[in-house]
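Chains A and B, in that order, give the protein sequences.
Going by the working numbering, the first sequence opens with residue -17, and the numbers climb by one from there.
Going by the working numbering, the second sequence opens with residue 1114, and the numbers climb by one from there.
I should point out that these hints are in silico values taken from the structure, not numbers from a laboratory.
Between beta-carbon pairs, the in silico distance windows are:
| id | chain 1 | residue 1 | chain 2 | residue 2 | range |
| --- | --- | --- | --- | --- | --- |
| 1 | B | THR1238 | A | ARG(-15) | 53 to 59 Å |
| 2 | A | GLN124 | B | ASP1137 | 48 to 54 Å |
| 3 | B | VAL1190 | A | GLY42 | 44 to 50 Å |
| 4 | A | GLY163 | B | GLU1343 | 50 to 56 Å |
| 5 | A | VAL65 | B | PRO1307 | 44 to 50 Å |
Okay, the calculated bits of chain B under chain A, using three or more residues with CB under 8 Å as the criterion:
| id | region |
| --- | --- |
| 6 | 1119 to 1133 |
| 7 | 1153 to 1163 |
| 8 | 1312 to 1318 |
All C-beta atoms in this analysis are idealised placements derived from N, C-alpha and C, irrespective of residue type, glycine included.
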Amino acid sequence: MSRTSLTIEQAGHCVVQDLGRPGHAGIGIPVNGAADQHAARTANILVGNADDSALLEVTGSELSFTAGDDLLVAVTGAAHEVVVDGHRQPAWATLTVFAGTHVRIPVSGTGYRSYVAVNGCIDAARALGSVAPDHLLGVGRQLAADDVVTVDSTFSTRGRRWWEPLFRLEAAPVDLAGTIGVDATAGPDVARIRGGLAALDASFTVTPQSDHIGLRLTGPPIERATTDEVLSRGVPVGAIEVPPDGGLIMLLRGRLVTAGYPVLAVVTTESLDRLGQAAPGTTVRVTICDLDDARAHLRRRHDERRQLAERVRAALDASGLGHVIADRHSSA
Amino acid sequence: MTGPTRVSCHEYGDAAVLVDIEGDTYDDRWDVARRLGRSLPDAGVPGLVDVVATFQDVVVTFDPLVTDTDAIRSAIVEQAGRPGASALPRRFHVPAVYGGEHGPDLADVAAELSLTPDELVDLHTCADWTVRFTASPVGAPFMDGPDLPRSVARMREPRARLPAGSVAMSGQQSMIYPAASPGGWRIVGRTPSPLFDLDHEPPMPYAAGDVIRFFAIDATAWDDHAVRPEADT
Chain A
-17 MSRTSLTIEQ
-7 AGHCVVQDLG
3 RPGHAGIGIP
13 VNGAADQHAA
23 RTANILVGNA
33 DDSALLEVTG
43 SELSFTAGDD
53 LLVAVTGAAH
63 EVVVDGHRQP
73 AWATLTVFAG
83 THVRIPVSGT
93 GYRSYVAVNG
103 CIDAARALGS
113 VAPDHLLGVG
123 RQLAADDVVT
133 VDSTFSTRGR
143 RWWEPLFRLE
153 AAPVDLAGTI
163 GVDATAGPDV
173 ARIRGGLAAL
183 DASFTVTPQS
193 DHIGLRLTGP
203 PIERATTDEV
213 LSRGVPVGAI
223 EVPPDGGLIM
233 LLRGRLVTAG
243 YPVLAVVTTE
253 SLDRLGQAAP
263 GTTVRVTICD
273 LDDARAHLRR
283 RHDERRQLAE
293 RVRAALDASG
303 LGHVIADRHS
313 SA
Chain B
1114 MTGPTRVSCH
1124 EYGDAAVLVD
1134 IEGDTYDDRW
1144 DVARRLGRSL
1154 PDAGVPGLVD
1164 VVATFQDVVV
1174 TFDPLVTDTD
1184 AIRSAIVEQA
1194 GRPGASALPR
1204 RFHVPAVYGG
1214 EHGPDLADVA
1224 AELSLTPDEL
1234 VDLHTCADWT
1244 VRFTASPVGA
1254 PFMDGPDLPR
1264 SVARMREPRA
1274 RLPAGSVAMS
1284 GQQSMIYPAA
1294 SPGGWRIVGR
1304 TPSPLFDLDH
1314 EPPMPYAAGD
1324 VIRFFAIDAT
1334 AWDDHAVRPE
1344 ADT
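Turn these sequences into a full structure, and let the hints steer you where they fit.
Laid out in structure tokens, this is it:
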């Protein structure tokens, strides 16, 4: 391990993030963490980290930094490319960045959140085991210009320089262009909504009142079939709620753990990653699926990441430049 | 309660189930919810992530790559059938400044209930409030208390930021916002007592089933009461 660093030039809206803090909803603490878990896990895997390592999450803005040391970096999510000292490099791939190099991650025009992983452990304060920002807990690190992010890394170039990649490690990019399509399964309150699930068969637009807690969407009016209220009860991430003033709410990982609106459907765990990429103004369409399909899709994506992790391990071992820091790849 | 507890589990997305509890009374159903909320997280169920017990329902979240709805359902039914060790409720005395800048909705809520502000303070402080469950934000106690003449309406537009300690009412319930947060409940007062502290395990002094009794203090005595509540001995 050696201590390395990067110095932020332009931060935009960038936080130190991880997969969140599951297991505390019983005391009212939401899971939080990366809105696009697949992109965050993949970025970490590409640089040889455990997939739940801390990394940077950039939302709707450009990030640039200068490498203080040689770094192994991967950018995933909304970004289409990474500009390294003026040269365009691919996103969703492992990149070697030499000390003193300037790295810029431009806004891509599709998607909303990009993830920047660096081989090693990013130094950040944890609460209940996670660095994920939570305003109510008063935790989280938002980056600003001139901030220095320190990383304990196993990666070393041993002072050498090279101009061709030593290995080609890539993951399949997720296409976020156009309408964001998500799968959902039927919720417990279908009978409370006029038209039931058919009410979701339309285009909905993400409004600016959306954040990491949930998306507010507008679309054709959705009416309740009953006027009685739902008593406050637990609500899962992904719940599609029908508030009384029309429109829809789709809950993301920062959601409060209880709610009292009828839940018409629940976005699948696999589709939540796409939902986390829906910027204000984006059109969202919901397709109802069954639970078996939802879980099969999730399993397939999980298996793809496991195979990628094996390839990265083999490449890093063969190169002698570093090793996989942990092979603990948590599930879901 | 007599007879076996009947619960039914409904799918609630691919990673959660909603537990419907059958029981003759509100208290019976809540008692089962509370017992599940306490026992299920410690039952060693593989893949179980979270248990959120509320007034009448329980939502159990799980990792769909580790387990499935059937296995979680079995674990819930088994735990629900076990007789609960019912601990005696603990009692906490929580100070609150009512009205004024600390309770901006006191007069309006009182008027809605056809009471004077002083009568509402008396009603709020002269009865036990039972913590039905704790939830967001950060361990907030959701409580049932004295019968109110009618239900308290929520804010038409939620407030963007309520100060920590805000004592709130909605419907027939009361709650306290332990941390500064947005909120749509009506604010009748504010407590100087810190209720949530990650340096404590658990972070809140109270749990579902405990009783909170409010007492009115003067705003000038704020600092004297800014201590974490302790249960009566």
